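**Student:** For reference, the chains in residue letters:
Protein chains: 2
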Amino acid sequence: MNTDLIKNSPEKVVENLKAIVGEDWVTSDLSKMQRYLYDETESLLRPEACKDCVVVKPASPEEISKILKYANKELLPVVVRGGGTGVVAGAIPTQPSIILSIERLNKVVEFDEKNIMITMEAGATLAQLLEVLSKNGKLFFPVHPGDEGAQVGGMVAANAGGTRAVKHGIMRNHVKALEVVLATGEIVTLGGKLLKNNMGYDLLQLMIGGEGTLGVITKVTLRLYAASKYNGTLLVSFNSQREACDAVPEILQEGITPLAIEYMDRVICEESAKQLGTKWPAVKGSVDLMFILDYASEEDLYSNSEKLVEICERHNSVDSIIAETEKEQRHLLEIRSNAYGPYKNNIADIMDVAVPPSSVPDFFDDVKRLTKEYDNKIVSLGHIGDGNIHNFIMGDNGKLPANYEELKEAIYKTAIKYGGTITAEHGTGKLRKKHMPLQFSKREIEIMEGIKKVFDPNGILNQGDMVD
Amino acid sequence: MNTDLIKNSPEKVVENLKAIVGEDWVTSDLSKMQRYLYDETESLLRPEACKDCVVVKPASPEEISKILKYANKELLPVVVRGGGTGVVAGAIPTQPSIILSIERLNKVVEFDEKNIMITMEAGATLAQLLEVLSKNGKLFFPVHPGDEGAQVGGMVAANAGGTRAVKHGIMRNHVKALEVVLATGEIVTLGGKLLKNNMGYDLLQLMIGGEGTLGVITKVTLRLYAASKYNGTLLVSFNSQREACDAVPEILQEGITPLAIEYMDRVICEESAKQLGTKWPAVKGSVDLMFILDYASEEDLYSNSEKLVEICERHNSVDSIIAETEKEQRHLLEIRSNAYGPYKNNIADIMDVAVPPSSVPDFFDDVKRLTKEYDNKIVSLGHIGDGNIHNFIMGDNGKLPANYEELKEAIYKTAIKYGGTITAEHGTGKLRKKHMPLQFSKREIEIMEGIKKVFDPNGILNQGDMVD
Numbered sequence: 001m002n003t004d005l006i007k008n009s010p011e012k013v014v015e016n017l018k019a020i021v022g023e024d025w026v027t028s029d030l031s032k033m034q035r036y037l038y039d040e041t042e043s044l045l046r047p048e049a050c051k052d053c054v055v056v057k058p059a060s061p062e063e064i065s066k067i068l069k070y071a072n073k074e075l076l077p078v079v080v081r082g083g084g085t086g087v088v089a090g091a092i093p094t095q096p097s098i099i100l101s102i103e104r105l106n107k108v109v110e111f112d113e114k115n116i117m118i119t120m121e122a123g124a125t126l127a128q129l130l131e132v133l134s135k136n137g138k139l140f141f142p143v144h145p146g147d148e149g150a151q152v153g154g155m156v157a158a159n160a161g162g163t164r165a166v167k168h169g170i171m172r173n174h175v176k177a178l179e180v181v182l183a184t185g186e187i188v189t190l191g192g193k194l195l196k197n198n199m200g201y202d203l204l205q206l207m208i209g210g211e212g213t214l215g216v217i218t219k220v221t222l223r224l225y226a227a228s229k230y231n232g233t234l235l236v237s238f239n240s241q242r243e244a245c246d247a248v249p250e251i252l253q254e255g256i257t258p259l260a261i262e263y264m265d266r267v268i269c270e271e272s273a274k275q276l277g278t279k280w281p282a283v284k285g286s287v288d289l290m291f292i293l294d295y296a297s298e299e300d301l302y303s304n305s306e307k308l309v310e311i312c313e314r315h316n317s318v319d320s321i322i323a324e325t326e327k328e329q330r331h332l333l334e335i336r337s338n339a340y341g342p343y344k345n346n347i348a349d350i351m352d353v354a355v356p357p358s359s360v361p362d363f364f365d366d367v368k369r370l371t372k373e374y375d376n377k378i379v380s381l382g383h384i385g386d387g388n389i390h391n392f393i394m395g396d397n398g399k400l401p402a403n404y405e406e407l408k409e410a411i412y413k414t415a416i417k418y419g420g421t422i423t424a425e426h427g428t429g430k431l432r433k434k435h436m437p438l439q440f441s442k443r444e445i446e447i448m449e450g451i452k453k454v455f456d457p458n459g460i461l462n463q464g465d466m467v468d
Numbered sequence: 001m002n003t004d005l006i007k008n009s010p011e012k013v014v015e016n017l018k019a020i021v022g023e024d025w026v027t028s029d030l031s032k033m034q035r036y037l038y039d040e041t042e043s044l045l046r047p048e049a050c051k052d053c054v055v056v057k058p059a060s061p062e063e064i065s066k067i068l069k070y071a072n073k074e075l076l077p078v079v080v081r082g083g084g085t086g087v088v089a090g091a092i093p094t095q096p097s098i099i100l101s102i103e104r105l106n107k108v109v110e111f112d113e114k115n116i117m118i119t120m121e122a123g124a125t126l127a128q129l130l131e132v133l134s135k136n137g138k139l140f141f142p143v144h145p146g147d148e149g150a151q152v153g154g155m156v157a158a159n160a161g162g163t164r165a166v167k168h169g170i171m172r173n174h175v176k177a178l179e180v181v182l183a184t185g186e187i188v189t190l191g192g193k194l195l196k197n198n199m200g201y202d203l204l205q206l207m208i209g210g211e212g213t214l215g216v217i218t219k220v221t222l223r224l225y226a227a228s229k230y231n232g233t234l235l236v237s238f239n240s241q242r243e244a245c246d247a248v249p250e251i252l253q254e255g256i257t258p259l260a261i262e263y264m265d266r267v268i269c270e271e272s273a274k275q276l277g278t279k280w281p282a283v284k285g286s287v288d289l290m291f292i293l294d295y296a297s298e299e300d301l302y303s304n305s306e307k308l309v310e311i312c313e314r315h316n317s318v319d320s321i322i323a324e325t326e327k328e329q330r331h332l333l334e335i336r337s338n339a340y341g342p343y344k345n346n347i348a349d350i351m352d353v354a355v356p357p358s359s360v361p362d363f364f365d366d367v368k369r370l371t372k373e374y375d376n377k378i379v380s381l382g383h384i385g386d387g388n389i390h391n392f393i394m395g396d397n398g399k400l401p402a403n404y405e406e407l408k409e410a411i412y413k414t415a416i417k418y419g420g421t422i423t424a425e426h427g428t429g430k431l432r433k434k435h436m437p438l439q440f441s442k443r444e445i446e447i448m449e450g451i452k453k454v455f456d457p458n459g460i461l462n463q464g465d466m467v468d
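Sequences listed follow chains A and B, in order. Just so you know, the first sequence maps onto residues 1 to 468 in full-length UniProt numbering. Just so you know, the second sequence maps onto residues 1 to 468 in full-length UniProt numbering.
For the record, the hints were derived by calculation from the structure and aren't laboratory data. Be aware that a few hints might be false.
One copy or two, it doesn't matter: identical chains are merged, so the pair holds either way.
Unchecked claim - Listed next, the in silico EDC-like pairs over lysine to aspartate or glutamate satisfying Cα-Cα at most 16 Å (straight line):
(1) Lys229 <-> Asp300
(2) Lys7 <-> Glu74
(3) Lys51 <-> Asp319
(4) Lys453 <-> Glu254
(5) Lys114 <-> Asp362
(6) Lys274 <-> Asp246
This structure is a prediction, so every number in the text was calculated from the model and none was measured.
The following block holds chain A by itself, in its conformation from the complex (with noise of 0.2 Å):
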């Protein structure tokens, strides 16, 4: 790479790019960068950011183009940037290069409710697409990975997660078809507005979770659904992690599929709602799960109500609350998602492991020893029915602890002892990469080199993420 141009020779750079883009759009002033050197990454782990970098902001697939090719002429280093709500530090440059900000491609470009379909631009954000549904008020997207500020290329190129996976999958269940420009700068569409496609192999599939090293997403369609007119949270609430965990494969066999079933210590959920000023409603027991459920009649959402509750009490259940107002359901929901808010300022780490649903209060247990062993303060949620834990290791005195790198490792092999994945969500980026050989053989990982390889010969997009 030849990092030495941006870095000795700025000028020649932003000469060349605004050759592309226009004067008003390229700048490698760093107060104006600032904004664009990081992301949601934890601040005890994300990596310093190189200063000498170029910030560029097309406004076309066909200027996105012109830049990959630049690039690929120059050897020059690319991080593409979407949302920056990333928490793998895929969005950091951690060396001379250029960042190309996806934020002008911002349009929601067709509403397609024959097709129930969305199709927007890669720089618009969630918000935009849930204020396109909330106008309609008959149909429905699914995922949701909590901070609507995230753009939809990037969501697509993370393969977002969130809450109601158990229910409605992932974004790779969604995504129809993709604009993208290759990381040689062609513009090509992969699928379509279509629900089956067997023609060649599905490369749209890479691209989602592939973290922008295969190329640059610039308009994403969605598939839609119909929205369910009830829902209801419920609060279940346990004296063990093992006696919760069994409740929910019951649940889902029986049928009930809630749209999120949520697991929290009990301390998480006190501590959140103190930081509120308020109250967290359960108080017997230790742990909680919070059911969301949605149904298209208020009978079924009565019925499977009380078969969930039923369930819960044969596995022990110590408590139920139901939030049947849209205040309290409100309540719960903020209190739940402030879950961080009081570990914010000392957290090393949160882990992101999944194991097979089964497994999880075997999972649980071996966290537990872990965090004896290792003497942190350990605190857990997790979207269970997933089987998708977040793990929140602590720091030390707002300094990574002394033993974290052994403390995370131990935690993966545990992860992947049970047949699970070090990470279910937030992806590989430059965080987890180096982890990659704990989970994958010396094979598979030479394969993912060799793609990499086919799709971006120079390497040019996102170095250090994934795979290069």
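We have chain A; now place chain B onto it with these hints.
**Tutor:** Relative to the frame of chain A, chain B by itself:
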């Protein structure tokens, strides 16, 4: 490729393979090989099978690994054979080859009720899967490509679709883990019993729909779902294709989501019924939609059936028949299942295009025009909720019509004009490989070829299929 070795010295190949799998499981005797030479490809279309082949029937991934290493060493083509139910000549050897049959890997490995998943060896059939579920009574697997002799490995390799995709999607949505012997001989497990997994590139997705060109699938883990307790079948008739088509998006937007929405030219059902010695119950109108609905409660079944009929009436349906008893339902389904029967002896090709669902009426108009222009008697049925239409191109007294290639290409181009695909569910195989440039750019095909080379550097697996 060293096809001469197989052609001229089959005994050497047989000897080497016997050393791997044992005396009883290798043959080059044509009388024993006959049933391994063809699949279900239409007889007028299928390529001539090469008889200079050696059939080998390994019992384990380890044996398959050894066979592939031997094939790589000697540069011998390998054709992977599953249930032989494919229709695009994927399993037909067209040059001297090792035919690697998966039939002995035929066990149900684990029915995992807690994780609501099932693991089967790749050569186990859909019939075996359905038997396990029928004994259990509570769980359900949605994908059904029609022929229960299909092996689950083949269903994954072909990314099988079928009638229930409108509600449940295709194979890709349900495959959670695969054991695969890579083309280069390494045995790997891709994915896991995981509902979310974002570590590295998702190689699992390439194996799904990869048609056996990237590796040999030896074990499959599928997600299962709670079975719906109540189901019903509705037959609704219309005077025109367009009116029938236009009712569908409204039904889906209403959140009714039938298990299946099948479109049928009336003449197909009448011919099928006649062949079965019975009568198609619909008389009014000229086209039919058959809906299968399934719900957890009888109330939902009835209320949704009513809503569905009302929506169809708003779109000028002329009749609706509700099959209430199991006998009535079976009657309809038997006639639908036999749709192909009356045409079998004079069919040239079964098209398998998909277009965006809202473009189906225009696509139908175009096909009517082409039918006249090319003087063929095309009839059509399809999974209309998916935009997946099967047009039967008729033969000319048991031969391919003289203008077959042009007519086929005209239909492909029509589908592509609407943003469609040449093949929705049947796959690319040997039959459609040459049409890849109609749907893909040069760079896309180059990338697919590059991926093939990364997995299978010597190109030993399923030569002539998909890309090579």
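**Student:** Now tell me, hint by hint, if it's right for this structure.
**Tutor:** Going through the hints against the structure:
{"no.": "1", "hint": "Lys229 <-> Asp300", "verdict": "both (11 Å within a copy, 14 Å between copies)"}
{"no.": "2", "hint": "Lys7 <-> Glu74", "verdict": "within (13 Å within a copy, 51 Å between copies)"}
{"no.": "3", "hint": "Lys51 <-> Asp319", "verdict": "neither (54 Å within a copy, 71 Å between copies)"}
{"no.": "4", "hint": "Lys453 <-> Glu254", "verdict": "neither (46 Å within a copy, 46 Å between copies)"}
{"no.": "5", "hint": "Lys114 <-> Asp362", "verdict": "between (47 Å within a copy, 14 Å between copies)"}
{"no.": "6", "hint": "Lys274 <-> Asp246", "verdict": "neither (29 Å within a copy, 54 Å between copies)"}
In terms of the numbered hints stated before, the structure departs from hints 3, 4 and 6, listed from lowest to highest.
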